[in-house]
Every structure is written in C-alpha cells, then in structure tokens.
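Each chain sits in its own coordinate frame; assemble them with the hints.
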Amino acid sequence: MENGEKNGKLIEILLVEDNPSDVELTLRAFKKKNLENKIHVVTDGEQALDFIFCRGIYSNRSIATPPKIVILDLKLPMVDGKEVLRRIREDARTRVIPVVILTSSQEESDVIASYNLGVNSYIVKPVDFEKFGETIAQLSWYWIFVNKPPVF
Amino acid sequence: MKLEEEAKKHPQGRAEAVTRSALLFMAVSGILSILIFFAGCAVLLGWALDIQRLKSISPNFVSMKANTALCFAFLGFSLWSFQSKRRGHPFFPRLGLICSLAVFGIGLLTLSEYLFGWNPGIDQLLFKEPPGAILTSSPGRMAFNTAINFTFTGLALSLFAFPKKGWWLVAQSLMILEGLLSLMASVGYLYHADPLILGPYLSTAMALHTAALFLLVFFGTFFCWPGRGIMAIVSSDDFGGKMVRRLFPVTISVPILLGWIKLHSEYSGVMPNEFGVSFVATGNLVITTTFVLLLSSWLSRTDSERKRAETALMASAKNWRDTFDAMTDVVWLLGPDHRILQSNRAVQSIFHLKPQEVVGRFCHEIVHGMNEPHPECPVSQMRKSGRRESMELFFDERWFLVTADPMLGPDGSLMGIVHVVSDITERKKAEDALRSKTALLEAQVTANLDGILIVNEKQKRILMNHRITELFNVPESILEDENDAPLLKHVVSLTKYPERFLGKIDYLWAHPDEVSYDEIEFKNGMILERYSAPIWGKGGENYGRIWTFHDVTERKRAEEMLETERKRMEVILSVQNTGLSVINPDMTIAWVNPKTREMFPGKEPVGQKCHVFYESRTTVCDGCGTLRTFMEGKVCESEQLVPATGRWYSIVSQPIKDTAGRVVSVLEAITDITERKKAEAETLKAKQFSESVIDSLPGIFYVYDDKRKFLRINDNFLKVSGYSQEEVLRMHPLDFFPVYEKKRLEEKIAEVFEKGEAFIEADFLSKDGKKTPHHFTGYRAMIDNAPLLVGVGVDITARMKAEEEIWKLNLELEERVKQRTSDLAVALKELESFSYSVAHDLKAPLRAMAGFASILFEDYAPKLDENARRVIGVIKNNAKNMGEMIDALLNLSHVGRVAMNCVDTDVTKLVRSVCHEFKNAFFKDRAIDLDLKPLPSVRADPVLLRQIFTNLIFNAMKFTARKEKTVIEIGGYDKDGEHVYYVKDNGVGFDMKYKDKLFETFQRLHTKEKFEGTGIGLAIVKSAVQRHGGRVWAEAEAGQGATFCFTLP
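Chains as they are written, first to last, in this note's numbering: chain D, 10 to 161; chain R, 60 to 1108.
This is chain R alone, in the form it adopts within the complex (with noise of 0.2 Å):
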C-alpha cells in the first residue's frame, strides 16, 4: 500500500517502474539538493563576510569563487525544484529550469573567457578578489574544469526536464563527462596530486569543495530521475539492478581506495613504487573478482529460485488458465482491434458457442450481433479514457455486465484488451432491492428530524440528510463540496469543545466496532444528542457508519430546570419533617429525606427496593400503595408494620407525573403511626365490643338522624324485619308499622326529639305483612352535634302473652274469689243463720225450761220443801247458765264475724266511755281509783276495741272485788312500730304458769263460786285484737294483781 502512495505522490508517468530503490534514490536526490543550495549560500556568505574557511576550506586551497557559489546555489534549487513530488507543481519546475539555464549560461560565459580570453566583469560580479590568489588566473574566475562542469551540468539538468528520451540520454551523457572531470579532481585531492591545469592558460584550479559538490551534483541528478536512461537499471528490481547496486560502489571505491593506500605506503616508504602497484593491480584483481564471484553465487542461487518461481508461475498460469476457463464470466482477451483472441469456456453457456468459434471474431459481433462497435461499447470508451469501462446489457431474459480493461506494456502501449461479460441479473435483482430499499431509507433520512450522516469504511460521507444542512446551518458550498474536510471542519467550528467533537471521531476510527452515544453543545446554545454505530454487512463485513443527530436543546433545557427543580425540592423535602423517599418504577429507593434516615438508622436506603429495606420482604408488599399509585397515577394511602422497627407507618404515595401525565416516580410520606394505631386497635376493639354487644341484643337496634334516615341497624332487625340492609336504608321509620300505628309513632319519635326520650309499645309490621307487638325505646343522642335517634325494640309478644294469661288468670282468680267470696259469703251467711239459729232456738228451750221451773216453783211452793226448792233453783241456775254461755258464744262469734270497719279511734275517749258506763252501771258503790292514763290513737274498729276495753277492764274490776281498794290502771304506748294497750289492775291475779289458759274458751282460774263469769271475756279479747292484727298476754302474780296488755298495729 505504502508502494502505491508512494507512487502516487511521485507521478512518473506509465512506463517509468517505481521501486524501492528508486524511491530511496530520489529521496536523497532531494537531500543533495538543499545541501547543495546551502552549501552554495554558505560559501557566498563566506564571500560576503569574508570568511576564509568557507571561501576556501584550507588556506593552501584555493577558494570557490563566487560565481561557482552562485552557481550551485541555483543548481541546488533547480534540482530541488526537480524533485519528483514537485514536478506537478506549476511554479517550482519552470523556475528550476530557469536557474539551470542561468548556470548553463554562467559556465559558458567563464567558458568563453578562457577561450576567447575576453572579460565581461562577471567574475568580480558579485564579489570582489583580490589579485594573487592562490590558483587563480583571474581574479574571480571559476576553474575551467568548473565552468566546463557547470556548462554541462546546467544543460543536462535543462534537459532532463523534458521528458524526451533522446534528450535524456544526451543529459546522462553530459551527466557522466561531468561526473569523471569532478572525480578526478576529487581523487586528485585525495592523492595530494597537483590539481589539474589545463594548457596554457593559468586557469584556476578546482577548489576541494567545488569538486566535492560536483560529485554530489552528479549524483543528485542521476539520482533524481532514477527510472531513466542508466539509472533505469541501477535502480531495478531485477538482477541487473541489484547486481549493479552492489557492484558500482565495489567497483568504484576498491580501486581509489588502493590508489591512495599505494600513494601513502609509497609516500611513507612501506611499499616501493613496483610493489605498490602491482599490489594495486592484484589488489583490484583479487577483491573484484571474490565480488563478482560472491555475486555469481548469489545470483545463480537467485536464478534458481526464479526457475523455481517460474516453475510455480507456470503451474500457477495453468491453474490461471483453468480457473480462466471454469470462470463463470466470459473473458476474452482482445486485440486493439476488437478481435478476440482468445476466450475462455464460459462463452459456451452465455453465448452458447464454442471458445474455438469465437476467436477471431469481433466481440461486438458476438455480444450484439452487431457489425460495428456499439456506441456504448466499453472497449471504444476504455481506448479513449484509458480506464477501464463497462457497460449493461440486456438480453436472453438476463442482464450482464460487460467490461473492457486495458492491457498495457511495459511501454504503456495498449497491448490487448481484457473483456469481461457476466451474468449480474442477481446483483442487479440485489441493485433494485437495494435501490428501492436505499430509496426508501433515503426518504426515511431525508424525511427523519435527526440529522443523519452516513460514512462508509473509509470515513467518506456516501449519505446526508436536509436535517443536517438545517442543524449545522451547513452553507451551499460545502455541501457541493464532495470532500468531507470542509464540511467537517464548518461543523466543528460550531461546537464548543471541538477537541471533544473530533476525538470522539477519532476514537471510533479506531475501534469501528463500537457504537457511541454522546452529547454535543453547540457556541448557540443548541445542544444535539450525536449516536453512532457501525453499518455491517451480512457477512459481517463492516460498511461504514452511521452518526445521528438528535436536537436535545428543548429537552435538555427540560432536564436542567428538572435538575434545578429537584435540587430545590431535595432542600424543601430535607427540612420536612416527614419521611419521605422518592421510589423509582422498578421499586428501587431513589432519594430519601434526612427524617427517613433518622427513623430507619443504619443501612443506606438509596438504591436499594423499597420493600427489601423497609420491609425485608423480597417480593412487593401486600397492598402496596406505591404499586398501586405507580400502576394507577392515584394516590394512594397504605399502612405496613415495618418488623425492623416494630413501629406502624402511614404511607401517602404520590404519584409524580411528567408533561404526558405518565407516572414517572412516586413520592412515598411515611409518618409512623404506631400511637394512633394502638388508639385505633382500641377503638376498634371498643367498635367491636359496642358491635358485639348492638349484635348481641335479643331486640331490633336502630338509630337514625332527625330526617328519619336510618343511619344503624343491628342484624335482628334485618332479620325480623325481613328487609335486607339495602332496603331498610332506603326506608322512613313509620314503613315499618301499620296504618294505625303511624300516627301514635311519628308523635312519639317527635317526643323524642324534643325531650330526650319516649318509648312507645306498637305492633312492628314485618315485610310479609306480620304484626309483631314490640316495646320500642328512643333516647335522642347528640353526636357531632346532630341529634340522633337511638333505640331498641323488644318483642313483647311472650309479654303480652304472658299478660294475657295473668289478666285470663286473674279474671279466673277473680271469678274464682268471686266464687269463693260468694262461697263464703254463702258460708258466713250460712254461719250467721247457724248463730241466729243457735241464738233463737237453743235459748228457747232454755227460756223454756227455766221459766218453768219457775212456774213450777211459784205455783207448787207450799207443796215443795227445802231440796225441792234448792232442786228447782238448781235446774233454773243451770238454764240461767247455758242461756249465758250461749250469750257469751254468740258474743264470740260475733266478734270473730262481724265486718270491721276501721277508723281512727280516740282511744281515750272511748276507754274513758266505757269506765264511765262501768262506774254508773256495775260498780257505783265501790271505790275504785281509776289511773287513765293518755292512750295513742289507732285506726281500728270501735265497737270491737269497746268490746276488748269493755272485757278488760270489766275483769279488773271484777277481780279486784276482793280489794279494799281498787286500783286500776289503764295506759298504752308505742314500740316497735306497734301501739301497746295495757290494763293494770291490783287484783287477785294469778299464776304466770296459766297464762296461756287465760285466753282459752270457757276456761276459767277461779271457780264461780269465787268469780262470776264464764270464761269467755279474755277469748274474745284474743280474738278481737288478733282480727286486727294485734296480739294479747298478761303478766302477773298471784295475789298482787295482774296486767293485761294487747297490741294494735
């Protein structure tokens, strides 16, 4: 490759062979060039400032004068001026032809004056000499070797600036006469010789740098054309080349060098003059001859290897000629003529011919069927331009492609013509996809709003889109501009930090795998998303590349207000004393506040899931709010128990939306919320216990608002109402009673609402239609404020029921008292016609018989005597006797009978009655001190409390007889609730081991002789008081008197 470069940078025109060699030579060429220019300046320099070293290296030497300095000076630039890489330019070559000409004159004027011995001044021209140098004939004056020198020299180089092979030839010639003068004049320093004075005439002598740089000169030009004349093979590839290469400095070197070992061994007497030169002769002999051996070796054994190659080459011609003939295309090689001369197999399958048919032929008699050349034949077009062409051709259903290049020589004559035909309907099939696909691609990026630029492998832009000229604002003339470099450096000139622009070009150069993505900013402000990637082919060969250009200003704008906002919310949410933490899509923690560190210490939050950290969880949380604010763009509101900490959290998770209204990031406020969730759990249990204990009442449970809008029910309502939760909220209370109930209701809840609380019994009408009998309480309850209506209704049905039956019972108890009272009113009545029947009938007989008794005693008195009278006195006392005693029953009963009818009673006054009646009636004679003493009132009958006092008070009376003097005391008091009435008499009294008997029936202490009575006053004491409730005993002792108390209540 670098060959071709190379060559490319040298053009040498066809036929000139460029090899390494030659390469190498030129470019020393050019070196001898400028040294040999500033050689020449130097030495001017020299004249000019009158430095003796450079005028004349040696002061023994003679000077270059300067002329000669002049002169290569201007050799110098005109052979650097014909440097091969210059020989395009339009300046340098015509200048150096203009200096080489300036010499050739130079040389031929100095020329002239030694021959025509004239002085037209030009020797002290420049400088002046002053007059006896050393080897000077004339003052100023060049050598007249030198001017012979130079006069070729500054001719040949002229010539062989035309690239005329004659001419050439006669520049080398020149070249070479050239070379001999400057060597000899060169040896002869070496040797010390005396320089060369030609003739007569005193010329100058040649100074040692003149000569030094004539030899340069001379290998300066051979070296500067090496492709031409001699140089052509001293630079070949082939053996000639090489061998000459190695041979000439042999060759050249060996025998001066012996000369001047000659000359000094023979100088400083080692060798004497024979000697030393037949040790030159067989010095040269011995060391030409092991070269020219050393070569031959070398050169056979190259040989060899050439047979060898050729050998190969044959082989590989043959395997050429196979493969020539297995070629599916059809080669021809033709004439300059169009003839074919020879053709390989393929011509048998497209042109269904023979090889052998063709040749010989025109190949436009055979491709088209035509007798002359068709006017886009390739061959014609090729002959003019000199390239290879090619040309489409369709026929047999089929598209081939036909190609001629040229053969030339080595001359760069066209010596035959290679025509290729092959079939490209494939590739052409491909070319249309291709075309179409490219076609639409080429829509696609013109149309795409990025700018694209497709490169091919070479870095060569093959594609660019509007958008780019619209981007980098790219100007007509660039774009018409095929080469990249201005294009490139417009758009760089546009960026900010073109170092950065162009290095990453750079770096994908080098590494063509790689695809890039990078940000741009432009010195306007515009800022472009640049993204490139490899173009790879489908057998993975590499295409090019395409860059893209993406106009991120908006965006980016966007994003750094999005940064700046951020940042602000970063410092609003750090000082909040919430937790919060912002969670990505993919639940990861993007950001947290400092309150969030602090109440979840130790591990680093950010980057890490949000359930792993919080919850330590390896899957999402149960009813994760963020998921669901992620998944539904609402807030949403969750409560977990993070187990690291023990403590419950509130989390808000916020939905955080970008301009489309996606969900791009969501907010989560964490606020712990264990205190309230304790009180909660209280509360909830508190719910559920008040709900259990709502749920567990045996009745219905309701409550509803002032508008009569039901706001609780308890499941027994359902359930006995037979309506379902929906309904009963949709229902007015009243629905639930029938017709006649409503009105009684709506007063009572009015009553409620106005007082506090009512409750009302009523029949609660079920949704079949079933009347229920309920007793139903209201309380009005103010809660929030509103009043509410609070109850419970009771099935009263067993209630009633049960009432029914009390009231059915006591209608039947009724009826039965009734009955019984009637019985027993019968019975009473009954024993009330049995007393007056007892009183009636039983006293009659006894009136009976006592009244006759009597009668018997009045009307037979005289006839009776003393038994008979005390006989009939007893049968009269006896009568007398049951006719009291019978009294007394009836007295009994009558007590135990009689109704009572209770009122308050003066009990003094009635005692003191009944005293009085005593004194007056029974006992006036007798002097009894009565002590009353005040008695309590009481509510009691006051005929049987007459007849208790009566009895009582009779008895102390009657048992106190006896007494001298009568004392009776009569008191009461109240104890315990009850009111006590006493009767104290001083009496007989009697035994305390009686006193049960007193109040017996006819039971009597003391006989009738002692006493009179029957025995009955105290039961009927006993029984009066016990029909009131009271109770009656006596205390006393014998013989001191006695007290009768008895208590009413």
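One chain only, chain D, in its complex shape (with noise of 0.2 Å):
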C-alpha cells in the first residue's frame, strides 16, 4: 500500500513486526475485528520511520495524517522498536502519535525503557494465541473508537 491509503480509505493502524508468522496471526486477529482494512504492516524500523515521516517510499503521504496508533515490536531488524520509538516521541509533529509495543519481551528494562521513551502501552506477546487475538482486537478497539487522538 504504497501511498497510505487503502482502498482509499487512510490507514489508521501501523503494524511493525518482523515475524511474519506473528503478522499473519495479527492480521488474523484484527480481521476478526473487522479492522484488517485500517491497518498497514512494515517489517522493519526503517520502513516503520519512512511511513511515519513520509519519506522515502511513503514520500507521499501526508505527514498531516499519521496513523492513529502505531504497534511496534521491540525487536527488529534495521532500526531498533525503541529508536523508531525515540524518533516518533522526538518529533514535534509525530510526539503525539499514541504508540504500543507488543512485544515477547518481558524484560524488565525493555519496559521502562519503554516507558521512558514515552510509550502509551507495553503488551506482551502470549503464546496462547486465542488470547493473543483478543488481546489485539481489545487494543485496537481502544486505541481507535475509545480513545480521542489528538488533532493536528
């Protein structure tokens, strides 16, 4: 989806993760949810930046419409989850993008570094995957139609 936009309508999700297994599974649960069209997957932080600040092949969409919420791996490939993080909250213009990790980590430090960063939430992936989905599908539907985004 190369301009931002799907089936004309704007992505208002963007999935970064690698692991194309846990993509599928994702998709699987936002599809559920019948969220599959708002969402766009990058699989690396350097993708994950271009999308955000509209650079490079995204150099065409509009920085005025970021995605309403932006779930990120910690571990990826390229750049790093936590420097694409550092990168969003650093901008004046991305600052307010809200941003949840979901990540296998439970590391202790990668969660207050997270939170350090100034990310909204931190959800660790579970292996059970039925919980998975419904953990996914609980989130989007918060970040989406519960919470009031900012407005630009």
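Please keep in mind that the hints were generated in silico from the structure rather than gathered at the bench.
Among these hints, one or two may not hold up.
Unchecked claim - Using 27 Å as the maximum straight-line C-alpha spacing, the simulated DSS-like pairs for lysine-lysine come out as follows:
hint: 1; chain 1: R; residue 1: Lys939; chain 2: D; residue 2: Lys41
hint: 2; chain 1: R; residue 1: Lys939; chain 2: D; residue 2: Lys40
hint: 3; chain 1: D; residue 1: Lys41; chain 2: R; residue 2: Lys922
hint: 4; chain 1: R; residue 1: Lys922; chain 2: D; residue 2: Lys42
hint: 5; chain 1: D; residue 1: Lys42; chain 2: R; residue 2: Lys1052
hint: 6; chain 1: R; residue 1: Lys1017; chain 2: R; residue 2: Lys992
hint: 7; chain 1: R; residue 1: Lys922; chain 2: D; residue 2: Lys40
hint: 8; chain 1: R; residue 1: Lys992; chain 2: D; residue 2: Lys140
hint: 9; chain 1: D; residue 1: Lys140; chain 2: R; residue 2: Lys736
hint: 10; chain 1: R; residue 1: Lys978; chain 2: D; residue 2: Lys140
Okay, here's the thing in structure tokens:
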C-alpha cells in the first residue's frame, strides 16, 4: 500500500513486525474485529520511520495524516523498535502519536526504557494465540474507537 | 807519758833528771812532812791537855818539850811547803822559809841558853813544865843535841830553798850531821843505852819521839830534793844509783841489827861479850860481802847488757848515721857560733855542695848567702827562746823550712844546734790548698745557720762559728778565753739536763769513731739538734770531731703540735664508723682506726704494706688510688675486692700534706660496698641489657631533651645518618631532615612534649644528602623531672615500596577488576541479550506453532475428526508448555541475574500482600486456613523475596488443593544469627528420600496430571535464597504435608 491509503481509506494502524507468522496471526486477530482495512504492516524499523515521516517510498504520504496507533515490536531489523519510538517521540509533529509496544520480551529493562521513551502501552505477546488475538482486538478497539486522538 | 806528765808537775829545772825513784822519794817526803807536822801538833796538844803519853811516850822517858814540838810542827809545815809540786806556788815556799828560819832561830836560842847560861824564858813560853821532870836540865828546855839538830835543820831547809849549788852542799852536810845525831839517839834508845848527855851541863836528853821525828826529818829533807847532791846519785837511774839504793839499807840496818842482837844476847846470856863482838864483826863481813858479791854479779850482768846495748846503740847510731845521710832534708849540727860541724849528704841535692865543703862554714852563708845571720834566722831566735824555731825560705823556685833545735848538755847549757832545711814545697802547696779550703770551710761555717764547733783529737776547739755565739749567748770574755772549760761550763749551764749533755760528750770521747745525733733542751725553751761526727783524714787518722747545733725549736714546736693534732685526730678517727687507715709513702700502714680492725680481723695491720695486708698481694694493686694520691696529690677513689673477706670496698684516698704541699701520708677511707656493688652489678646487667636492646633495635634510637639536645643515640643512628657521635651530639634534631619536612617535624616534636606521644613519617636526611623515609615515634618520658623525648625511627623504605607495590597492584587489580567487571558486565549483558533473545526469539515460533494450530483448528474444524482435533490439541499443548518452560527459565535466570537491592523489608507485610494477591487472584473459591505468624524483618531484595514467598505459597496452595481443608502456616524465627522462615502446608507432602531433588530445575515429584507446574518454582526459590546467602530445605511426610524452610542472614 504505497501511498498510505488502503482502498481509499486512511491507514489508522501501523503494525511494525518482522516475524511473518506473528504478522499473520495479528492480521487474523484484526480481521476478526473487522479492522483489517485500517492496518498497514511494515517489517522493519526503517520502513516504519519512512511511513511515519512520509519519506522514502512513502514520500507521498502526508505527515498531517498520521496513524491513529502504531503497534511496534521491539526486536526489529534495521532500526530497532526503541529507536523508532524515540524518533517518533522526538519529532514534534509525530510526538503525540500513540504507540503501543507489542513484544514477546518481558524484560523489565525493556519495559522501563519504553515507558521512559514515552510509550503509551506495553503488551507482552502471549504464546497462547487465542489470548493473543483477544488482546490485540481489545487493544485496537480501544485506541481507535475509545481513545480520543489528538487533532493536528 | 805519765813520767812526762809528772815531770811537768814538778818543774825541777833543766839540769835535774826526773827518775822514778826521784818521784817516789818526793812522794815519801811529802808524806813525812805531813806526819812530822801532825806529830808536832799532837805533842803540843798533849802539852795543852797534859796528856803524858803524848809528851813522853813512856813515863820513864823524857818528854818532848813544847818548843821541840813547835819546832817539829814548823819543820813539818816547812818541808811540806817545799815539796816540789808547790815550788811554783807564790805563797807556800815563802811561808816555809819563814818557818824553817823560825826553827833555826829557836834552836840557836836554845843553844845559846846552854852555852851562855842565860834564860830568855822561851822554854816555858808555851807551856810550863813542872820542875824535876825526868832528864830535864831546865824545865821546858829541849836537849842540847835537839837544839843542835834544830839549828842545823832549820838552816839546811832554808838553804835548800835556794837553788844555788854551793849552798846545797852545805845544807846536805848539815843534814848529814843532823842525821848522825838523831841516829845515835835512836840507836841508843834501841840499845837501851843511856841517853847522851853532853858535858857537865845537865842537859835534857832527847826524847824518843824526838829522835824518831828527827830521823824522819832527815829522810824527808833529803827525799825532798832527790836530784840534788848526794841524792842525785841515790835517786839516779844508773848503776850508781841502783847500787846505792840497794846497798844503803843493808849497810845501815845490818850493823844496827847485829849490834842489837849482840846486846840482847849478851843481856840474856846467850852470847858472851867477846863472842858477841866477833859475831858482830863476822856477821857484818859475811852479810856485807855476800851482798856485794850479789850486787857485783848483777852489776856485771847489767854491764854486759849495757855493753850489748852499747853495741846495739853503735849499730843504731850507724843506722842513724846512714839515715841521717839518707835524709832528704839537710841536717846540720851547728856549733853555738852558727858554724856547721856536721852535715848530711842531702846538702848536695839542695845546696849543690858536698858535705865536706860546708863543714866549718856559717849556716847563713850557705842558706841565705849572707855573712851575717838572717834577721829572722831561727837559730838566733832559738837561742833567745831556748825552743825550736823555724822560718820559711823561698829560693830556687821552691819553699824550704829552716828549723833550729837546741841540743842541751846535761847542765842545760846549749851544746849544739840541730839545723834542718826541708823542702816544703809540696807541703806549702798542700797548705795553700788547705788554707783556701779552710777559708772556704770557715766561710761556710761562719755563714752556716747551724752552730758549728770543731775540736781536734784532743777535744780542744779549733773552729767555732758565730752562730754558736748567737745560740748560746756566749759572752766576750769566754770567747776570748782559749780554754774550753769556761765555754763548756757556760753552755752546760744553759741546758735543762746537763748530765745528758755531758754524758754524750764523754761517751763520744770514749768512742771516737761514732756518729751521734741527739736533741738538747734548753732552759729558755730552745731545742737544738746536736750532731757529732769524727773527722777522718785520708789515711784514716782521726783529726778530731765536728759538732753541729741546729735550731729545731720551731720544728719541735711544730712536731709537738702535730703530735697533739695527730692524737686528737686519732681520737676523732677512732670513733668513726668508716674504716680509716693512714698509709706511709712506702705503702706501709701507719695507723688504722678500730672500725678497720673490726672489718679486717686477724693479723695486725700496722707496719704491713697496704697491698700485702688487704689484698694479699706482693705488688701494689692495679689502679691503686693511694699510689695515685701520693703521686698527684689529689683525692682518688678506687674499688677493690679483698680476697680474704670476699667483699668489695670503696677506698677514698685523701692526701695529707705538709705546709710545703708535699704529700706526707694518705688517709684511706674504706667503706664496704658489697651490697652496692651487687646492686651496681644488677644495674649494670640491666643497663647492659637495655643497651644491647637499644643497640639491637633495628631502627635508629634517639633521646633528647626539651632543649633539643641529644642525650643518647644508638649505633644505628650513626650508621644511618653518617655522622659521628660527637657531631650528632652537637646537632639539632631538625638538622636531620630536609627543608620541606622541618616545619612538620617541629610541630610533631612540640606535640610530643605537650601531649606525651606522637609519630610521624618523614624523610630522614643523612650526611651524604640521601633521603630515606622513616617512621618516627616520639614518646615523652619524665626522667629526673625533666621531660625527654625518647623515640625510634624505622626505615620504611621497604614498607613504602611494598605499599607502592600494593598500590600498584591494587591499581592493577582494580584495573583487572574493572576489566573483569566490565567483562562480567559484558558477559552479563551478553547473557541478558541472550536471555532476551531467548525470550523473544524462542517464543515467536512457539506462538506461531500454537497460533497456527489454533487457526487450523478453527478454520478446518468441520473437516477434522476427533483424532485430528486431539493431535492439534497436543500440538497446542506442547507449544503452550514450551512457552511456559521458556517463561519459567527466563524467570529463573532473571532471578539469578537481576541486581539485588537489599533493603530492610517488613517480611510480614510482604507475605500478607502475596497471600492477598493469591487469594484474590487464584484461589478465591477455596477455604484456606492461613496462619500467618509474625515474621522477622530482614535486609533482602523485596522483589526476590516476594518471588520466594510467592512460589512457596503457591506450591503450598497447589499441593493442598486435594485436601478438604487447606491449612497453611507461614512463620519465621531467629536461630544462630540467621532468620529462618517456613511455609508449612498439610498437603500431599513427599517422600523424604527425594528431598534433594525438589529444588532441581524441572524436577517434579508428581506428574502433570496430578499437579500442574513446570517444576521450576522451587529452583527459583533456591536460586533466590542462595543469592541472599541463605539455605533452603524441606521436610515432609508423604500424605501429611510438607514444610519448606529457608534462611536469610
């Protein structure tokens, strides 16, 4: 989805995940909630940044239309998840974008560092998929429909 | 000698030879004179007192008349006064002359009475005789013959008094007549003849004692002048005299005796008259002849002896002649006119003339070369004086003594002159030498402060110096007197003990060889030391004696005072408690006090040598203080061990000096110091010990006072500092430090003296500039109330080096630690990332497995049969399991890795919250009886602790699920310094034999069917507990329950 639009609709969820199995599982979960349209997947940090900052292959996107939520895995090739988060938070234009870290790491240090960087939420990927699906759906529902995003 | 002496006493005149017989005769004469005098006086006494016996011996005899007696008295006195020894007397001979003249006068008067018949009355002048006395013609008148005798005797005696030859003969003739008369009278009495009566005059008969006395007078008179007239022969020593002396008694006595025998025998009828006469004649003849024969033989013997003597004399005369000729002195026999009669050969050598040439010439011709006698010619002088004269003569470069001796004939006239010329050059030289020596001696003697008196061998003083005059206050008169007696008397009178004074003189007179030394005390208090020694000549002859008198009064006074003082000192010293002894310069002990005797009992110390008595040594002790005192005059101390008593003594030797400052003796004060010595030895030992300790100190040792003056340092100090002992003692402590240390050190030193101790580390500066770090200690010690700093400095170079090493090592170590830590950190980090990876990356495929299995299940559910659904379930289960295991492992590793943050934790509160959580979270449906006892708080990591309790309580809850009632007790207590916590449940328990397996990873004692769990809970508990340093264990009984305990320090 190169130009940030999907089927004419705005991308509201950016999923940054490198593991395809996890991507599939996650998409399946979103699908159950009928959110598959609003999600865009990038598989590494660089792409994520390109998307958010509307550069590279996403240069025709508009920075004025950021995603409503970024779901970020920590362990990413190229640019690491924390770095992405930091970049997001650094830029004033993107600072307010809600970021949710979805990772299998339970490390306290990861958690604390993430929160220090300003992550909005930190979720640990459970092994049990069903559970996982539920979690994702709930999460998404909240951020998209419940939470009031900042208006730029 | 005696003869000469006697001859001197009886100056007879030159012409009289004095022989032994003469002396005897004179002595007898003297006695007789006295006898006569007293006899006369006795008869006078008889007349005075009318004693018949004295007057006429026997009543039938005629009495001696008073005048007779008087005349005898006069005669006796007269004779006595004419005795030769009195002839020089001014008084007596004249008196004697008067008496004898008086006697002559009386006799003459009486004779005239008889001849002319007149009576001047002299007969009765003295005493009255009653008329009719026996045989007395006129009362009181002496006999005619008596009168004649008195006339003769009186005249003779008077004549004897004058030494004219002619008168002597007259006197002697008169005396012979007198003797005859008196002899006749005496013999008459002897023969009982009638007394001689002359003529028609009825004269008085001579009394018996008158006759006897007349005989005595006869002998007395003749004997008085033994050299005169007949007596000359009688008393001479030659043959004539000897003969006469032997014959006369015989020729006189024999006839009288024979006559008496004849008469007696005639009277008694033994011998008839004729026979008697022939007897007398024959007897006379025989006796006389015999005697003459005897005498002749003796005479011839004597004569032959004399001849022998003559020959010998001739020989000796010849000898003498030869000697005479051989004499070196020129001897001439001069005639009275100075002509040379004889000369010996010596004239050749001295005057260079032959003896024949000089004979007949005048002596002065030869000797002086003059025609007249020399003005000082000794011959002329001799002729005047009658004695030997001499003069000295210098010619031919030599000195000669010319002597003239008189040669007198038997009559005393000058017969010849013996003229001797002798070479006295040597003598003169000797004399000169002697003179000068004498002058010197005299000068010395005069100048001498001692009185000097020199006497010759006859004790006549030769020389006396002025000092004697001074000493004895000798008056001028005595000085001038040549005689010694007055001087001696004067001096003796001054002495206190004259006998002693004189006794010595007499003794030395008897022992001329001896030297004497004594002291004389004088009445005026002066004390003189008198020394006397004989003066010997070169040949050993005694020239006399020298006496010196040295005034020692002052010295004596001083000696006395000294003695008194000494006695006083003795008394004082005797009471001392210290042993005292006085030592003489020769090291003999002069005196000891009683205490010394007490200390050294046994032998007598006085007189023994100091070192012999005390030390039993033959030589002076080493280090003898007394000896040093003698030599240096100072007080010296020494200590000696006396072997006899085995004790130590301190000997203080003090000099005793005289006024000149010389040491005359030494006073030793002896104290027993054995105890002190012992203490000293102990002290010395202690000192040596401390010294050796100080010396053994490895560091530098120093002591200095608050004036920073060094009092003691050890050898190490010198070694390390490089200075010498003398240098250090002059230095200040700060001198041993470099500039940058000085201030610090000064402060430290001050601190020591203030506070008592301090220490400092500083660089020690040695003499060569080397700086060595030292650790110095300073300690304030009070010694004799003075503060001293005592300290030790230890070379800390090594330590510092070590410290540096350590520091370096430490740094290294730290580096290494840092390295390790960083390595560890890196490792840890790696581990973390590993864990992280594990967590993250391992779980992803699992999730995929489980997820897709679910998808499969969901999406293809209708197409799957029972088994397929079961298989999918198994896949999902296993994935889930693996996920849990991974989680559990991650947890375990987290527990083991995570940094511990120990804080004081309220354990009770923590457990309560855990339980609460559990209750609410997991087991809300169950009835759990939770007994939570109070738990001790502990310092631990709360997170881990929470984990521990969580796991344990979870287990407790899990394994009690099957029971109806779950009882869980959680408690804790302190034991052995540890906090012990337990969780007790009444669950299913376990078999104790598996108790060790409980805590291993993934070990389960129950299958999953029975109980859930990964089997990692307890492993986590163990790891967490061990991280705290505690222990964990469990006790259980199968089916009854289990108690899990762990300790925390």
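Structure versus earlier hints - violations, ascending order: Of the numbered hints given earlier, those the structure breaks are 5, 8 and 9, listed in rising order.
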